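Enquirer: Could you build all of it, start to finish, from the sequences and the hints given here?
Number of protein chains: 2
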Amino acid sequence: MIHDLIQAIEDQKDSLVKLILDLVSINSLLGNEDHAQNFIEEQFRSRSLAIDRFGINHDELKKYPGYSPSIGDWENHENIVGIFKPEKPKGRSLILNGHIDVVPVGDERLWTNPPFEPTIKDGHLYGRGSGDMKAGIAAFIVAFDSFKKIGLEPAADIFLQSVVEEECTGNGALACLQRGYKAQAAIIPEPFNETIMSAQVGVLWLNMEVFGKPSHVLNANHGTNAIEGAFVLWQHLKSLCEDWNNKKNRPAAFSNSEDPIKFNLGIIEGGEWASSLATRCQMNLRIGFFPGIHTEDVIKSIEKNITQTIQNNPELSDLKVNLLYGGFQSQGCLVDLESDFVKTLSKCHTSITNAEPDFFASAATTDARTFNLYGDTPATCYGPKARNIHGIDECVSINSVIKISQVIAVFIAEWCLFNRLSK
Amino acid sequence: MIHDLIQAIEDQKDSLVKLILDLVSINSLLGNEDHAQNFIEEQFRSRSLAIDRFGINHDELKKYPGYSPSIGDWENHENIVGIFKPEKPKGRSLILNGHIDVVPVGDERLWTNPPFEPTIKDGHLYGRGSGDMKAGIAAFIVAFDSFKKIGLEPAADIFLQSVVEEECTGNGALACLQRGYKAQAAIIPEPFNETIMSAQVGVLWLNMEVFGKPSHVLNANHGTNAIEGAFVLWQHLKSLCEDWNNKKNRPAAFSNSEDPIKFNLGIIEGGEWASSLATRCQMNLRIGFFPGIHTEDVIKSIEKNITQTIQNNPELSDLKVNLLYGGFQSQGCLVDLESDFVKTLSKCHTSITNAEPDFFASAATTDARTFNLYGDTPATCYGPKARNIHGIDECVSINSVIKISQVIAVFIAEWCLFNRLSK
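Residue numbers (the working numbering), protein chains in the order written: chain A, 134 to 556; chain R, 134 to 556.
Don't read these hints as lab results, they were simulated from the structure. Hints should not be assumed to be uniformly reliable.
In this list, chains with the same sequence are indistinguishable; a pair is considered to hold if it fits within one copy or across any two.
Claimed, not checked - EDC-like, lysine to aspartate or glutamate: derived pairs with alpha carbons at most 16 Å apart:
| # | residue 1 | residue 2 |
| --- | --- | --- |
| 1 | K453 | D240 |
| 2 | K346 | D526 |
| 3 | K346 | E241 |
| 4 | K453 | E241 |
| 5 | K346 | D240 |
All of these numbers come straight from a predicted model, not from anything done at the bench.
Expert: What follows is the structure in C-alpha cells.
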C-alpha cells in the first residue's frame, strides 16, 4: 500500500509541478492574498473538502496569547481551511498548514526572470514564494490526493490550512486556532531542506524612529544627523545580538548552530535633502531571541541598550528615539523530539529517503510556535529543499517537493490510518 | 544724505518685516516657486521695474560651464529679474541677487510653529526660508526703495534677481547669466551673520545606489544587506572627508575654519521587509571640497574610495554600486578681498556698524560662484544674522535685517551713485 501511495505521487508529478506554477504565478504579497486564496478554495472544493473561509478579527484575537500587533488592515484578507472528515474515523487528526503570503521581491531588476512568472531550470522551480512556501502547500494537497488515486481515504480528520500573515505576525494561524482548529499533530512544509524542525527562535519586529537636531550641513558640527544617530544606535544593538549568540546562553537545540540569533536592519528611510542634516530616520528592525525568553524581556533589553548608548555617547544627547512595535512579538519554541508525532514523521522520512532525518533548529520563526505554544497541537516544519528564500531568484527543488509530498502521504497513512473507499 | 537713507530704512522697518512675513508665508519649496515669484513680480512692478521672467532652458544651459545636472523638471519654474535703468547713469552697475527656493522643512512635528506660518518672537522672525533667504531679498528691495523715499534714484543699472534652484544646482543664477545679466558687482544677502564672504567650498551631490546579495535573515551569514553595505562605504568616504580637512591641504581662506569640508548623508532609503536582507539601498550624499579642485577630480576620488573599500573588505565583494550624479557639480571659489568692490562694501558695513567686518569662508556653496567664476561679475554674500537655516525653527534677526538693508542702501549710493529725482 505504501508503495502504491509513493507511486501515485510519482504519477502526479506533473500535476504537482503545475500546482506550484499556478500558485507562484499569483502574486500574494501581504494584503494581496485574495486571488491566491480563491485559487486554493477552488482546489479544496474540487476535492470535496468542506470550506471555511474567514478573516482576522483583531478585537477578538488581541485577547489571545501569541497575538502580534497588526501592521495594516486589508480587505479580503482571509484564511482558508479545507476540512476532511472520514466516514469511519479511526486514526489521529492532523493539520497540514501552509502560508499563502509571500515577502516582497526586493529590487526586481536583480531577478533573472520576473518573480511572479515562474520558470523551471535544472530541476528547480523559480519564483517568489516557490520555496516559501507554495511548494509546501502543493505538496500536502497532492499527498492528500494520493489516497483517492489508489482507492483509499484517510481515517481521521484532516485540516488543510492556507493562512495569511505568517511572514509578519502569525495572526493568520492564530485566527485558525481561535476558530477552534486543533489536531493531534500539525505539519508545516516550510522549505527547511527535508529536515525536521527541532526548535525555532523568537522574533520581535520594531520600528525605531530617531529624531536628530538638524541644521544646514554648513553647521554640521552643531547638529545631529538623525540617520547617523540611528546607525550608531543600530551598531550598539548588534553587540547585544553578539551577546545573545554566546554559546553559554543557548538552549541545547541551538548549541551547534552558526549564530542563530540575528538582528536585521530590513528597512531604512530618513532625511529629505542632500544638504540638510536629516531630522528623522526610521529603521525597521527584526530581532531574534532564544526560546524561553519572553518578548516583554526582549523589549526591555532593547530599550535599555538604546538608552545606554545615548547616555554613553554625549554626541547623541540630542537624539529623540521613538520605538513603535508592529508585527512579530513571537516567542521561540522547542519541538518535543521524543514525541510519537516526531518519531512517526522521522520513520516516514527514512522510509522514503533511506536515511535518518536531520533535525534543524531554525533561526527564523514559523507558525509552528502557535500550534505548539497555544494550540495544544504538536507541530513541526518539514519541507522541501529551496534556495534564496526571501532573496533573489528564489527556487525550490522539484525532486525534493515530490519527496516531501511522499513523506507526508506516508505520514497520513501512519498517523490518520486509512479506509478503503466504498465503490 | 547717508543719514537720510539710513533713517528711511529705519522708517520702513514695518514694511520690511511685512515683506519678509509675506514671503515666508508662501511655501516656495523646489518646484513650487511660482506663487512666491508672482508675489515678487508684483513687488517689482509696483516699483516700476522692468520685468524679465524666464525659465531654465536645459538644452542651452548645459553648454555653459557651471551647469549642474538637473534633479527634476517643473512647470512654472522661473527666475524674475527686476530691471532698474537710471535716467542719467554715472555709477557702476550692480546685481542684487537672492534665491526664492527654500529647502524641505524636515519633520514638521519638530517645529514650534508651522514652518510656513511665520511668527515673531524676541526680535526674530521664524519660518522656513526666513533667514535662507527671504529676509535678504526683502532687505535689498527695501534698500532700493529708500532712495525714492528721500527723493533720489540710483545712478547705475541695478538688477534685482529672484532666482530658483540655488539650493540644488545653481542653474537659476546660471540662467540669468546666460540671458546676459552681468554687472560690475553682485551682492547676495545670504544669512551669513553680517560677515563678508571671502570664499566658498565646492559641492557635489551624488546618489549612491547599492545592491546587496539578499536572502532570508535566517541565512544572513551568506548574504549581504545592501543597507549595511552602503553604510560601510559611507564610513570609508568619511575618512576621505577627514583627509580633505587636513590643515595642510587648505586654501588660506579656510585656514582657521573648523572642518569646512563636510560630507553629508542627507537622505537614505533602502529595503522592503524587516525580515529580509535589503536588496537595495540608496544614499543621497553631499560632498564638500576646496576651491581650486575640479568636480571631475572629486568624482574620481569618490569612485576610487568606493572601489578600494570594496576591494579591501571581502565581505562587500557581492555589492554592486551605481553612482548617479544629479544636483550640484559646483566648484568652490575665492572672493578677491582687495577688490574695490569688497573694500567699498567693507566701508559701508563699518559706516553702519562702527566695526570692521569679519570675513567668512563658507562651508556651503552659494550662487556667488556663478558670478565670480563664469559671469565676469565680482560677487560676495553679505546678509543678516540667522539661526537654524536648513533646520528646525529657522529664524532671522529683525534688527540684523534692518542693518543689512541699510548697508546695502549705503553701498548702492557709493557704488552706483545717485541723482536727485526730477519732481
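Enquirer: Would you mind marking each hint as holding or not holding in the structure?
Expert: Now for the hints, and whether the structure bears them out:
no., hint, verdict
1, K453 / D240, "between (32 Å within a copy, 12 Å between copies)"
2, K346 / D526, "between (41 Å within a copy, 11 Å between copies)"
3, K346 / E241, "between (36 Å within a copy, 13 Å between copies)"
4, K453 / E241, "between (35 Å within a copy, 15 Å between copies)"
5, K346 / D240, "between (32 Å within a copy, 11 Å between copies)"
When the structure is compared with the earlier hints, no violation turns up for any of them.
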